[in-house]
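**Q** The listed protein sequences derive, respectively, from chains A and B.
Numbering-wise (the working numbering), the first sequence opens with residue 1 and increments by one.
Numbering-wise (the working numbering), the second sequence opens with residue 1 and increments by one.
Hints were generated in silico from the structure; no laboratory data involved.
It is possible that some hints are incorrect.
Claimed, not checked - Straight line, CA to CA, 20 Å or less: simulated DMTMM-like cross-link-like pairs of lysine to aspartate or glutamate:
(1) A:K80 / A:E37
(2) A:K72 / A:D20
(3) A:K12 / A:E101
(4) A:K103 / B:E87
(5) A:K80 / B:D35
(6) A:K191 / A:D167
(7) A:K80 / A:E101
(8) A:K22 / A:E303
(9) A:K80 / B:E38
(10) A:K72 / A:E37
(11) A:K289 / A:E303
(12) A:K80 / B:E72
What follows is the residue order along each chain.
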Amino acid sequence: MSGVRLLVGTRKGAFVLTSDAKRQRWDINGPHFGGWEIYHLKGSPADPNRLYASQTSGWFGQLIQRSNDGGKTWEPVGNKFVYDGVPGTHQWYDGTPHPWEFKRVWHLEPSLTDPDTVYAGIEDAALFRSMDGGQTWQELSGLRGHGTGPHWQPGAGGLCLHTILLDPSDSSRIFIAISAAGAFRSDDAGKTWRPINRGLHSQYIPDPTAEVGHCVHRIAMHSSRPGVLFMQKHWDVMRSDDAGESWREVSGNLPTDFGFVIDVHAHEPETIYVVPIKSDSEHFPPDGKLRVYRSRTGGNEWEALTKGLPQRDCYVNVLRDAMAVDSLDSCGVYFGTTGGQVYGSADAGDSWSPIVRDLPGVLSVEVQTLP
Amino acid sequence: MIRVILPPHLRALARIPGEVQLAVEGQATQRSVVDALESCYPMLRGLIRDHVTQQRRPFLRFFAQQEDLSHELPDAPLPDAVASGAEPLLIVGAIAGG
Numbered sequence: 001m002s003g004v005r006l007l008v009g010t011r012k013g014a015f016v017l018t019s020d021a022k023r024q025r026w027d028i029n030g031p032h033f034g035g036w037e038i039y040h041l042k043g044s045p046a047d048p049n050r051l052y053a054s055q056t057s058g059w060f061g062q063l064i065q066r067s068n069d070g071g072k073t074w075e076p077v078g079n080k081f082v083y084d085g086v087p088g089t090h091q092w093y094d095g096t097p098h099p100w101e102f103k104r105v106w107h108l109e110p111s112l113t114d115p116d117t118v119y120a121g122i123e124d125a126a127l128f129r130s131m132d133g134g135q136t137w138q139e140l141s142g143l144r145g146h147g148t149g150p151h152w153q154p155g156a157g158g159l160c161l162h163t164i165l166l167d168p169s170d171s172s173r174i175f176i177a178i179s180a181a182g183a184f185r186s187d188d189a190g191k192t193w194r195p196i197n198r199g200l201h202s203q204y205i206p207d208p209t210a211e212v213g214h215c216v217h218r219i220a221m222h223s224s225r226p227g228v229l230f231m232q233k234h235w236d237v238m239r240s241d242d243a244g245e246s247w248r249e250v251s252g253n254l255p256t257d258f259g260f261v262i263d264v265h266a267h268e269p270e271t272i273y274v275v276p277i278k279s280d281s282e283h284f285p286p287d288g289k290l291r292v293y294r295s296r297t298g299g300n301e302w303e304a305l306t307k308g309l310p311q312r313d314c315y316v317n318v319l320r321d322a323m324a325v326d327s328l329d330s331c332g333v334y335f336g337t338t339g340g341q342v343y344g345s346a347d348a349g350d351s352w353s354p355i356v357r358d359l360p361g362v363l364s365v366e367v368q369t370l371p
Numbered sequence: 001m002i003r004v005i006l007p008p009h010l011r012a013l014a015r016i017p018g019e020v021q022l023a024v025e026g027q028a029t030q031r032s033v034v035d036a037l038e039s040c041y042p043m044l045r046g047l048i049r050d051h052v053t054q055q056r057r058p059f060l061r062f063f064a065q066q067e068d069l070s071h072e073l074p075d076a077p078l079p080d081a082v083a084s085g086a087e088p089l090l091i092v093g094a095i096a097g098g
């Protein structure tokens with residue numbers, strides 16, 4: 001019988017939540033790596049039992065953990081992330097040059113076809129790849145080296161590469177996003193890169209339409225239509241219909257267009273989800289009401305989804321990697337909050353219920369749809 | 001044998017129930033002890049000192065005989081009591097965070 005497995009990264013460990021296809025009863029397994037920050041876990045599309053996890057700590061630095069049995073057991077693999085060549089500098093918050101320094105892995109993106117190949121998005125922003133199951137890591141340095149790298153500046157959370165999208169129709173095309181540099185695309189499997197930020201407007205930077213400097217929070221795509229991208233920017237929800245060559249705003253009637261997550265329905269490429277957050281200085285939902293907004297028109301027209309979500313006194317945040325959708329016939333949607341709740345909907349967002357309420361603050365949520 | 005006591009998170013990671021006993025070739029120094037530790041427990045590489053700079057991580061300290069040895073040079077000899085195994089070398093995480 002099919003089922004789903006949620007991979008939840010938190011401030012104090014990882015949790016694996018499993019259910020059958022009804023998605024009504026859940027087994028909670030964890031914490032794995034208790035006490036450590038788990039920025040992200042993700043499973044290989046080519047082998048669902050192969051999982052990778054980013055385990056990090058202010059005391060001890062970075063570990064990468066790998067599981068070959070769906071998260072029952074784990075083994076540490078390589079944790080040596082060394083920038084290619086002389087790292088050089090990016091801009092610090094005050095505009096002065098600052099040397100590139102490895103801090104942590106924000107996001108792990110396994111290859112669509114090879115369980116041993118996995119990409120890592122790191123802070124300070126760079127893209128690394130392992131082709132031996134995480135034992136060794138090499139920087140795809142064409143990204144930092146394409147020319148704009150010295151002008152990148154950190155967002156409030158650091159200069160982090162947080163989004164990696166692999167094009168299922170073209171193995172040489174990769175999209176990434178960096179806070180606060182913007183979105184970038186490679187058409188040659190990561191060798192060379194260029195910014196894809198035309199149409200973004202960020203009034204908090206000196207040139208609001210600059211080639212780089214935009215605080216992109218998250219990008220999502222539907223696998224059947226990888227040329228269409230949806231973006232939650234610092235402010236503004238954006239859409240591109242030409243693989244990032246140009247963007248247009250689709251915030252429409254959202255109560256606020258600030259937020260972190262964005263995702264696409266598994267079977268409806270024009271149905272997208274965001275969680276509006278009040279502002280960049282008040283990271284909680286407007287009016288204390290936790291509402292997911294859904295657009296069935298690819299943006300602009302949004303409806304609030306509230307059934308089962310707290311509609312008073314709720315002041316949590318939903319971080320950029322903390323929403324995921326499953327691919328069961330009735331699409332499941334999941335998100336985690338900084339308050340430690342993981343909410344799930346088995347009916348594409350019409351109704352919600354808490355899967356678990358009292359985890360440590362949730363950093364990331366991924367879902368695997370199991371056969 | 002050199003005795004080393006690690007912070008709980010590193011003991012859990014390396015599956016070390018108590019203190020570690022290490023055979024160290026040559027003079028016992030911070031560097032030679034951590035070299036031996038990493039050789040026996042490769043999963044600890046990069047966690048006590050940076051992979052590239054080999055600098056001690058800033059939130060870790062080295063103590064022995066109630067003395068803070070953290071700012072001694074990495075190749076300075078450890079106290080005789082540590083070198084002889086009479087006293088352990090303590091690798092301690094800063095009390096910070098939550």
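**Q** Work down the list of hints and note, for each, if the structure agrees.
**A** Against the structure, the hints come out as follows:
1. A:K80 / A:E37: Holds, at roughly 18 Å.
2. A:K72 / A:D20: holds, 17 Å
3. A:K12 / A:E101: Answer violated: K12 of chain A to E101 of chain A is near 24 Å, above 20 Å.
4. A:K103 / B:E87: Since the Cα atoms of K103 of chain A and E87 of chain B sit roughly 34 Å apart, the hinted pair is violated (cutoff 20 Å).
5. A:K80 / B:D35: holds, 16 Å
6. A:K191 / A:D167: Distance ~15 Å between K191 of chain A and D167 of chain A Cα, so the pair holds.
7. A:K80 / A:E101: holds, 13 Å
8. A:K22 / A:E303: violated, 25 Å
9. A:K80 / B:E38: This hinted pair holds, its Cα atoms lying about 14 Å apart.
10. A:K72 / A:E37: Between K72 of chain A and E37 of chain A the Cα gap is close to 19 Å, so the pair holds against 20 Å.
11. A:K289 / A:E303: holds, 14 Å
12. A:K80 / B:E72: Violated: K80 of chain A and E72 of chain B sit about 26 Å apart, past 20 Å.
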